Amino acid sequence: MNVEQSMQDITPTIQPAPAQYVTPVAEAPIVTQQIIPQSQPIASIDPQCGCGGGGEGIQPDNLGYVYAIGNIYPSFPNKSLEEEYMYAYQEFKAQGPPNALFYQVLSQGQNLYIAERMCWILSIQGVDSYILTPRSNVELYHFIAALEPVFVGERKFDVVVGTRGPLASPERCNGLQLPTAVADLTYYFTFNQFVDAMVSNIPGIPRTIVESMLSQMLDITDNAGETDAHRALNYLTIRSKEIYYMAWQMQNPTPDPSYPPGVYFLQGVDVQRSNVQGNRSIMDVIFQYQARDTVDIIYYYVKVDVTGMFPFMASRHLARYYPAP
Numbered sequence: 002m003n004v005e006q007s008m009q010d011i012t013p014t015i016q017p018a019p020a021q022y023v024t025p026v027a028e029a030p031i032v033t034q035q036i037i038p039q040s041q042p043i044a045s046i047d048p049q050c051g052c053g054g055g056g057e058g059i060q061p062d063n064l065g066y067v068y069a070i071g072n073i074y075p076s077f078p079n080k081s082l083e084e085e086y087m088y089a090y091q092e093f094k095a096q097g098p099p100n101a102l103f104y105q106v107l108s109q110g111q112n113l114y115i116a117e118r119m120c121w122i123l124s125i126q127g128v129d130s131y132i133l134t135p136r137s138n139v140e141l142y143h144f145i146a147a148l149e150p151v152f153v154g155e156r157k158f159d160v161v162v163g164t165r166g167p168l169a170s171p172e173r174c175n176g177l178q179l180p181t182a183v184a185d186l187t188y189y190f191t192f193n194q195f196v197d198a199m200v201s202n203i204p205g206i207p208r209t210i211v212e213s214m215l216s217q218m219l220d221i222t223d224n225a226g227e228t229d230a231h232r233a234l235n236y237l238t239i240r241s242k243e244i245y246y247m248a249w250q251m252q253n254p255t256p257d258p259s260y261p262p263g264v265y266f267l268q269g270v271d272v273q274r275s276n277v278q279g280n281r282s283i284m285d286v287i288f289q290y291q292a293r294d295t296v297d298i299i300y301y302y303v304k305v306d307v308t309g310m311f312p313f314m315a316s317r318h319l320a321r322y323y324p325a326p
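Note that our numbering has the sequence shown beginning at 2, numbered continuously upward.
Don't read these hints as lab results, they were simulated from the structure. Be aware that one or more of the hints could be misleading.
[As the list claims (entries may be wrong)] With beta-carbon atoms standing in for the labels, derived distance ranges:
1. Glu84 to Tyr300: 55 to 65 Å
2. Asp297 to Asp129: 41 to 51 Å
3. Ser170 to Asp297: 16 to 26 Å
4. Ser259 to Phe152: 30 to 40 Å
For clarity, every value in this text was computed on a predicted model and none was experimentally measured. Ideal placement from N, C-alpha and C gives every residue a C-beta, glycine not left out.
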């Protein structure tokens, strides 16, 4: 089976929130202009099973690269901007949860000046981790799009790829001091959107396998996405179909010939620096599987190049790994 097919893009656009989240009370007395990103899609889950990369230039204030998975939300840097937002909100007369209100107000073209002055925070597993700066208005539009409400109970994830900067000054975000990050690429997806895309592009794979593997990998990727090991893990979780195909074959009683017979379950993932480096920074991501009925343990690994801003697979396929005695 060809596991290198491109997955379909998941490309939500900025549009009014669903009625179950936001119900206008009255017509707004202003003419609204919707913000529509023009130069790239808002969200794209695009697995890469081969080589690529780029973005290796170092900016003066760059303290390293960031490849993080979390949730983006806005915060007011001062009382003045909060009052200005409230004026725009009253004009719009929207109702709903906070994210729906932010989305409704900030997605209107005439309110872009407010969005430009907001503090944008990336929260990872409920912990505020970065103060984000969009590289351009394209990324700012994507920040706003990330606020689009989803159905109750649905899990949504924002991906931020960029460069890490210094600690923010207390004046920047109303006393909040966090590491800064410049976002060069952002997109979002829901748990079900990701599973749907994987199922449609790996013919025959059970939906439960994808759900289980994604849940495990998201637990493992509870990190700030700034070390080489964490960036490699986060990249594989959302960009590699190989690891989901592997999870299927390891639980398949009659797998492809390249996988062992029997049923194996993922026990852990380890990341270590590869022995083969040259002038690149390459990580070995090692998956440990244990047999269901015995104590047999099997390892598979893949090399991930994290030299530049955008990681990529340095080895074309997962291969058996044999730990040193």
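These are the hints, each one checked on the structure:
1. Take Glu84 and Tyr300: their Cβ atoms lie about 58 Å apart, and the range 55 to 65 Å holds.
2. Between Asp297 and Asp129 the beta carbon distance is about 43 Å. The supplied range of 41 to 51 Å therefore holds.
3. For Ser170 paired with Asp297, a C-beta distance near 55 Å fails the hint of 16 to 26 Å.
4. In this structure, Ser259 and Phe152 meet the distance hint of 30 to 40 Å, their C-beta atoms being roughly 39 Å apart.
When the structure is compared with the earlier hints, a violation turns up for hint 3 alone.
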